[in-house]
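Number of protein chains: 2
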Amino acid sequence: MRVLVQKYGGSSVKDAERIKAVAERVVKAYKDGWSVITVVSAMGDTTDELIAKAKQVNSKPARREMDMLLSTGEQVSIALLAMAIEALGAPVISLTGQQVGILTDDVHTKARIKHVDTKRLQEELNAGRIVIVAGFQGVNSRNDITTLGRGGSDTTAVALAAAIQAEVCEIYTDVDGVYTADPRIVSTARKLTDISYGEMLEMASLGALVLQPRAVEFAAMNQVRLCVRNSYNYHPGTLVQEERQVEKDMLVVGVAHDTNVAKVAILSVPDRPGVAYNIFSRLAVEGINVDMIVQTNKELNVTDMVFSTSRDDVVRVREIAEAVAQDLGAGDVLIDDTVAKISIVGAGMVSNPGVAARMFEALAEEDINIQVISTSEIKVSCLIAEEHIKRAAQALHRKFQLDAVKSMEA
Amino acid sequence: MRVLVQKYGGSSVKDAERIKAVAERVVKAYKDGWSVITVVSAMGDTTDELIAKAKQVNSKPARREMDMLLSTGEQVSIALLAMAIEALGAPVISLTGQQVGILTDDVHTKARIKHVDTKRLQEELNAGRIVIVAGFQGVNSRNDITTLGRGGSDTTAVALAAAIQAEVCEIYTDVDGVYTADPRIVSTARKLTDISYGEMLEMASLGALVLQPRAVEFAAMNQVRLCVRNSYNYHPGTLVQEERQVEKDMLVVGVAHDTNVAKVAILSVPDRPGVAYNIFSRLAVEGINVDMIVQTNKELNVTDMVFSTSRDDVVRVREIAEAVAQDLGAGDVLIDDTVAKISIVGAGMVSNPGVAARMFEALAEEDINIQVISTSEIKVSCLIAEEHIKRAAQALHRKFQLDAVKSMEA
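Line order of the protein sequences matches chains X and Z.
Quick note: the first sequence, position 393, residue 393 per the working numbering, numbers continuous.
Quick note: the second sequence, position 182, residue 182 per the working numbering, numbers continuous.
Note that these hints are calculated values from the structure, not bench results.
Careful, some of the hints might be misleading.
It does not matter which identical chain is used: a pair holds within one copy or between any two.
Stated by the list, open to error - The list that follows gives simulated cross-link-like pairs (lysine-lysine, DSS-like), each with its CA atoms no further than 25 Å apart:
(1) Lys-248 <-> Lys-191
(2) Lys-191 <-> Lys-390
(3) Lys-28 <-> Lys-60
(4) Lys-60 <-> Lys-14
(5) Lys-31 <-> Lys-110
(6) Lys-110 <-> Lys-14
(7) Lys-110 <-> Lys-191
(8) Lys-53 <-> Lys-20
(9) Lys-114 <-> Lys-14
(10) Lys-55 <-> Lys-14
(11) Lys-399 <-> Lys-191
(12) Lys-248 <-> Lys-390
(13) Lys-248 <-> Lys-110
(14) Lys-20 <-> Lys-390
(15) Lys-53 <-> Lys-110
(16) Lys-390 <-> Lys-114
(17) Lys-53 <-> Lys-14
(18) Lys-55 <-> Lys-191
(19) Lys-60 <-> Lys-20
(20) Lys-53 <-> Lys-28
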């Protein structure tokens with residue numbers, strides 16, 4: 001049995017027409033001889049509408065009840081998609097997260113999958129049925145419904161693919177795959193034929209929103225081959241796997257950017273052990289993600305602590321940072337939300353120390369000032385003024401000849 | 001532990017304001033010392049909207065998938081009601097049909113409850129929580145979601161009340177209780193303080209749509225005390241129980257009418273054994289409910305077969321009746337959809353043979369012609385022309401002095 005897992009997001013099932021189109025894709029795969037498991041999200045804006053309803057009755061509803069509410073969105077999708085497939089004459093059954101055996105921990109609205117009991121899934125596949133699964137949801141050990149957080153349907157698809165040892169897990173979206181840069185900003189951006197897990201993880205984390213980072217992590221851990229494809233056409237998409245095969249000569253595979261960034265500076269922090277812990281543990285407790293962190297000693301015993309965070313968290317970050325500054329006897333807190341992050345990603349970087357330098361060169365040639373730098377083994381990120389982001393992306397794309405590399409699909 | 005089961009229909013939870021109003025009622029009962037189980041239906045027109053969505057992708061969807069789809073309506077309601085109750089500071093948890101242990105047979109869209117596993121329910125009540133339950137739904141032995149058909153939430157409430165031995169099961173609606181006649185037609189109609197199961201069953205079946213007949217039957221079988229109340233006020237409602245206590249002197253408790261009636265006549269049917277079976281078994285196979293049946297021998301060896309049915313089924317009934325008539329060598333099929341049914345109900349009737357005669361007298365005094373008569377131990381029904389229905393109801397209400405009986409609540 002060759003098993004194929006597919007995942008369609010909310011925009012792919014937003015109305016009856018799109019659901020019918022997805023049904024045709026699913027049936028085509030089935031007729032091509034695959035055992036098909038299709039994971040779907042809630043239709044279009046359903047989740048946002050449900051959240052709005054909740055806010056009308058309770059400004060801060062219990063997370064368990066939020067999960068009870070939100071999980072209905074995917075349940076509607078699976079029933080409608082199963083009906084549409086049935087109308088095409090193929091045998092099909094829909095299953096909720098509970099029915100498909102997705103067991104999670106107890107963290108409502110952000111649960112993690114602990115185990116997948118594939119008994120029912122295997123039965124249905126053995127019976128020759130296409131199985132439509134509600135993404136984003138599972139149950140905890142008490143049989144209470146949990147949800148996996150934003151983008152959780154990707155994780156559902158990968159978890160099922162891992163549990164059932166699927167040949168490939170296709171993630172459908174409204175673009176052709178993973179690009180060397182955002183085509184809306186860099187007109188010469190090119191779709192990648194393949195990319196490694198590590199690179200995909202960096203690209204996803206850095207703002208290329210085609211795949212949920214957690215799903216990529218899960219896929220890498222379980223060696224699930226992912227394929228990012230467009231639900232509007234039959235192009236082959238981008239394969240995400242252990243090592244790049246087709247694009248193997250590329251040093252840098254992509255330029256990613258993120259404008260949902262704010263820079264926070266706590267000035268004149270006394271330079272003594274435990275200060276960084278003091279600041280960042282308080283932010284962590286509040287669930288605030290901190291990205292780049294830089295500490296610069298400008299004078300003896302005093303340091304400026306600079307970090308970047310999401311603009312969504314600016315209000316809470318200011319409160320916490322000011323309280324911490326006061327406790328520590330530090331100076332002012334400055335927040336700049338006119339910055340953006342530009343990054344280059346490539347697994348070849350680790351053995352080529354010149355790559356970061358070439359990035360700085362490209363930005364210097366454009367007279368773009370770098371405010372903060374952060375590096376990992378396979379990426380270099382720089383904070384710059386948001387107004388320069390487009391020029392920066394174009395310059396980096398040129399510098400690393402990303403548009404020049406011949407596509408293998410041509 | 002004194003357990004109270006409440007059921008609120010779709011109009012009682014149609015928007016955020018109504019949900020908050022219901023939340024207050026529930027919390028009031030909880031603060032009055034009850035262990036409260038509240039069963040809710042889908043909000044307002046949700047079910048119809050979901051059905052419309054299904055029809056867009058499949059004109060005849062599989063019933064299993066229909067149940068998967070429709071059951072989300074109640075799940076949304078329970079989550080929102082639980083959130084609204086939580087906002088009032090009371091401990092609360094919502095449970096789906098599956099979670100509350102409602103096990104049904106396999107008949108999707110019209111399932112019957114086979115068993116209620118009260119383990120989780122009992123745990124939550126013992127923990128001091130208000131339990132909000134999704135009405136209308138359960139699961140079969142395969143863990144597939146089933147629904148109980150129109151008005152199924154009433155049945156859910158009664159089944160839970162029976163399983164947990166609740167003191168009373170309150171059915172909330174938008175009228176004050178069960179009336180001696182429809183107040184829109186008979187202005188002097190009076191709310192009953194109490195009524196017996198049998199009478200309620202007849203009233204419900206005859207068109208007084210405050211309670212699902214199946215739920216009344218289930219309540220009678222399990223001796224669950226029902227109370228029909230208004231969700232917009234705190235009036236005491238109508239109690240449905242084994243024997244009338246307050247209204248015990250009433251011979252007739254109510255006048256019911258139903259205008260969704262058509263009269264079907266198959267003329268000149270050969271009068272031989274098996275003919276009735278032949279006709280009505282075919283209608284039964286098609287799921288058509290036949291109500292009153294009359295057979296009149298006007299000449300030797302030939303009979304006219306007359307019965308009433310719902311106007312919704314007229315097209316299918318004509319097809320079947322004409323096919324049967326041809327097979328049997330009978331004459332024409334006549335269908336009249338301008339008739340209506342008027343009925344009187346009262347448990348005292350069985351020992352008072354004069355009651356039916358007084359009914360006919362009242363109709364004769366109004367010059368209303370009776371087309372078909374049917375009687376049971378506790379009701380008499382007559383088919384008359386629909387145009388006379390209002391006058392008939394008023395005349396019978398007067399004849400049996402239903403407006404004159406003093407209310408015990410005054």
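So, going through the hints one by one against the coordinates:
no., hint, in the structure
1, Lys-248 <-> Lys-191, "within (14 Å within a copy, 83 Å between copies)"
2, Lys-191 <-> Lys-390, "within (19 Å within a copy, 74 Å between copies)"
3, Lys-28 <-> Lys-60, "between (44 Å within a copy, 22 Å between copies)"
4, Lys-60 <-> Lys-14, "between (28 Å within a copy, 21 Å between copies)"
5, Lys-31 <-> Lys-110, "neither (36 Å within a copy, 33 Å between copies)"
6, Lys-110 <-> Lys-14, "within (24 Å within a copy, 30 Å between copies)"
7, Lys-110 <-> Lys-191, "neither (32 Å within a copy, 51 Å between copies)"
8, Lys-53 <-> Lys-20, "between (28 Å within a copy, 12 Å between copies)"
9, Lys-114 <-> Lys-14, "neither (30 Å within a copy, 37 Å between copies)"
10, Lys-55 <-> Lys-14, "both (23 Å within a copy, 16 Å between copies)"
11, Lys-399 <-> Lys-191, "within (17 Å within a copy, 85 Å between copies)"
12, Lys-248 <-> Lys-390, "neither (27 Å within a copy, 85 Å between copies)"
13, Lys-248 <-> Lys-110, "neither (36 Å within a copy, 59 Å between copies)"
14, Lys-20 <-> Lys-390, "neither (38 Å within a copy, 49 Å between copies)"
15, Lys-53 <-> Lys-110, "within (20 Å within a copy, 30 Å between copies)"
16, Lys-390 <-> Lys-114, "neither (41 Å within a copy, 65 Å between copies)"
17, Lys-53 <-> Lys-14, "both (19 Å within a copy, 12 Å between copies)"
18, Lys-55 <-> Lys-191, "neither (41 Å within a copy, 39 Å between copies)"
19, Lys-60 <-> Lys-20, "between (37 Å within a copy, 15 Å between copies)"
20, Lys-53 <-> Lys-28, "between (38 Å within a copy, 24 Å between copies)"
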